[in-house]
Amino acid sequence: MALLEAEQLRKRFGGVAAVDGVSFAVAAGERVALIGPNGAGKSTCFNLVGGQLAPDEGHVRLHGHEVTGTPPRGLFRLGVGRTFQVAAAFASMSVVENVQLALLSRAGRAFGALARAVTAFRAEARALLLRTGLDALADRPCGQLAYGDVKRLDLALALANQPRLLLMDEPTAGMAPAERHALMALVSAIARESGLAVLFTEHDMDVVFGHADRILVLDRGRLIAAGDAATVRADPEVKRLYLGEAAEGPS
Amino acid sequence: MTFADLLVQLVNGLAQASTLFLLASGLSLIFGVTRVVNFAHGSFTMVGLYAAIAMAERLGGAAGFWLALPLAALAVGVLGAVAEMLILRRVYQAPELFQLLATFGLVLVLKDAALWLWGPEDIFGPRAPGLSGSVELAGLAVPAWDLFLIALAPLLLLALEALLARTRWGVLVRAATEDRHMVGALGVNQAWLFTGVFALGSALAGLAGALQMPREPASLGLDLVTVTDAFVVVVIGGLGSLRGAFLAAALVGVVKTLCFALGGVEMGGTTFNFSKLTLVVEFLLMALTLVLRPWGLAGRAPAAAQESPALVEWVRVPGVRFAAGAGAALLAAAALPLLADEYAVVLATDIAVFALFAVSLHFLMGPGGMAPFGHAAFFGVGAYAAGLLAQAAWPMAAALLAAPLAAAAAGLAVGWFCVRLSGVYLAMLTLAFAQIAWSVAFQWDDVTGGSNGLVGIRPAPWAADKAHFYWLVLVFGGTALALLWRVLQSPFGFALRAARDNPRRAQALGIDARRVQWLAFPAAAAAAGLAGALFAYSKGSLSPEAMGIARSVDGLVMVLLGGLHTLAGPVAGAALFTWLQDEIIRRTDYWRLILGAVILLLVIAFPRGVVGGLRHAWKERS
Ligand SMILES: Nc1ncnc2c1ncn2[C@@H]1O[C@H](COP(=O)(O)OP(=O)(O)OP(=O)(O)O)[C@@H](O)[C@H]1O
Ligand SMILES: [Mg+2]
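Chain order of the listed sequences is A and B.
Counted the way our numbering counts, the first sequence spans residues 221 to 471.
Counted the way our numbering counts, the second sequence spans residues 322 to 943.
No wet-lab data here; the hints were simulated from the structure.
Just so it is clear, the structure is predicted and the values come from calculations on it, not from any experiment.
Worth double-checking, as some hints may not be accurate.
[Claimed, not checked] Simulated restraints on C-beta separations:
no.: 1; chain 1: B; residue 1: L804; chain 2: A; residue 2: A398; range: 43 to 51 Å
no.: 2; chain 1: A; residue 1: Q382; chain 2: B; residue 2: R564; range: 19 to 27 Å
no.: 3; chain 1: B; residue 1: R642; chain 2: A; residue 2: Q305; range: 37 to 45 Å
no.: 4; chain 1: B; residue 1: Y413; chain 2: A; residue 2: V236; range: 50 to 58 Å
no.: 5; chain 1: B; residue 1: A781; chain 2: A; residue 2: A327; range: 49 to 57 Å
no.: 6; chain 1: A; residue 1: R336; chain 2: B; residue 2: G440; range: 36 to 44 Å
no.: 7; chain 1: A; residue 1: A402; chain 2: B; residue 2: A655; range: 56 to 64 Å
no.: 8; chain 1: A; residue 1: L334; chain 2: B; residue 2: A665; range: 30 to 38 Å
no.: 9; chain 1: B; residue 1: A649; chain 2: A; residue 2: A402; range: 47 to 55 Å
no.: 10; chain 1: B; residue 1: R642; chain 2: A; residue 2: A327; range: 25 to 33 Å
We treat Cβ as the ideally placed atom computed from N, Cα and C, and that holds for glycine.
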């Protein structure tokens, strides 16, 4: 059974059908890329799956259980981690404190009012920062980070939940090409080791073709193609619509 | 009560409603375009009434009376334009709380200006020539001036709507109300549009004041009474909506007079006195509206969530050094009675009480990122709880423990509603709750002693000495401070900041942002309640003033003096404020003028607070 199933999702904003009958599934350990031009509905898909938005129609299932309309904090408990297209962590805290808070929340201790937070899960937080390449910045105020580092921190926060499903909305935007591949290699390694299911969007085609097991192509709210890199590359509609654009330079 | 009496009351209610509409329409227009909730609106009304009386006397005769009406409105309009250009213009981009505070600074300045110009005594105006009698209506004598007012409101609504629909200026005002950015895009001179709207709104307020000449004397207390009424009407009608204001004014005017007219009603064996509800009922209506329909009867949700600059700044979690410093400061403070006279000890007691109050407010404003404008409610609940328990012969120590619990219960209830709103709507809702608490204290004579308040709240014999009581305050207050600071360092404190910094991210990390903010309320309320209880015992008596709007504002000023981003800031702010207030009140009758000026200076020049601002400047330099 697939870990994540989306069935016939629909979401309208006024007159715009942002997501218009989209179905897909992601299996444990699988890395699926959702691509499409600007405004195709990728972030909206993520928000439907991640609980930030409730669909007008359709279903979201995790391990076969209906989770449509479950708020994000409920999905967090069910093992969903996500990053945001416009990443911003908690600016009033240091990098390591951000991760510590995520770990405290996972442990169900975010409401403790008398313990000291700075000493909690310090080692675990450092380990996560080491993995995501942020170790040197651990005590930096989060508001002073470069955007690429904020993106990495966003990922570290999502990983703090030891998620079964990871949703990443443009995880490598604002990074240099080498950093992009390093970050995706890390995610791929975790997916291999622990069976993490990954759904991500990306405008960088090298990243997509290099790190996705399967690719879904979205255009104006509809899926127009799906399959492995070769299939999608060969698809005439995709070529016309998307790769034609990309060939002129990545957006 | 006969049907005829009811009818007379109804006419009176509608006449009041008419005035309310005049007030509310101006306030609403100003909010619609500038997004500023103008606390000084009632002050413009007050000035309008004083000015109209003065002009009517100067000009003399019937013509003098009738000329004074438009002239007073015009004068207040000019005053409003000047205030907009000097002050409001500088706070349009500031967070809502700063805007409210800046306009409150204006309230204080205008009040003392009126005191200086017209003196502290109430001034009676002339009656309306030709309309001073009463009119026979269905066999009843109805004041002619009331009928004139009732006729005026719908005419004014039509005139304003025509102005907005027919003129180019009106179209711009409407466009700006619907979408601020659009006006900038049209290349309109936004600054003049804002000034114009402010002048018009103020002129309407001035006119509302001038029209009261035959109804009530000009008095210095008019400003706050008036503006809270206007708030209520505008919030119920929907901020920015004229028709909403019209409906809400009628509703509030009629409901208030009905309560008054009903008087005591026999209900299930006991007499329930509705006339005691006149003050509470309008705030209840307002709170109900904000909870059920936050945008009001006829308002619409703002097109885009208002973006106010984030107050988020990095906060280093205080460690051992901070604790050591705080401990040393506490010890130094404890030595005061050994070195200074009793006067200084009493002043220091006040400072300690208000430091606790300010820290509790800062808890919600700073780490909580909320904009509470009625924090005095919790102070007052604690104070009254302690006062009532003292009268019930509870030992002081027990009362000092129970009072924070009572305040925390209030915080739990108020907070549950408040966290559903944000920005200016949250500020208004907290204000409504504070005014409900104040009205209850003011009108429930049997229990709270009404406007006379409670007396004879004496500390236990072992704490009766001023120095002993001061030490007691230090112990209780110090413990509460330490607890609050501890909570800020706890996971809960981190979660609270996370919910402020980035609610969406917090939710995705499993943190229920709204719940975290909700629970911050009882924590802050308990501390404020303890401050109130200590205050009650230190003064020995209590009046509703303990939880008036002025108390809430004092707290805000203390926090802003100290700065939002430091833990010690509110303590420093409270000390500075309380000491300055004491020094200045001893020297002049114009304390409010100085406080108002300080507020304006703070908000415009030091938005980080004095301590925060100095620290920032220091960091920039080094
Ligand atoms: N909250 C919203 N309100 C109104 N319209 C929205 C909202 N969110 C998205 N849309 C619209 O829905 C459509 C899909 O937007 P979405 O953000 O999902 O696209 P995307 O594929 O993520 O684009 P990008 O590559 O630019 O991130 C767009 O037309 C967008 O304008
Ligand atoms: Mg997107």
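If any of the earlier hints don't hold here, list their numbers in rising order. Going through the list in order, the structure violates hints 2, 4, 5 and 6 and respects the others.
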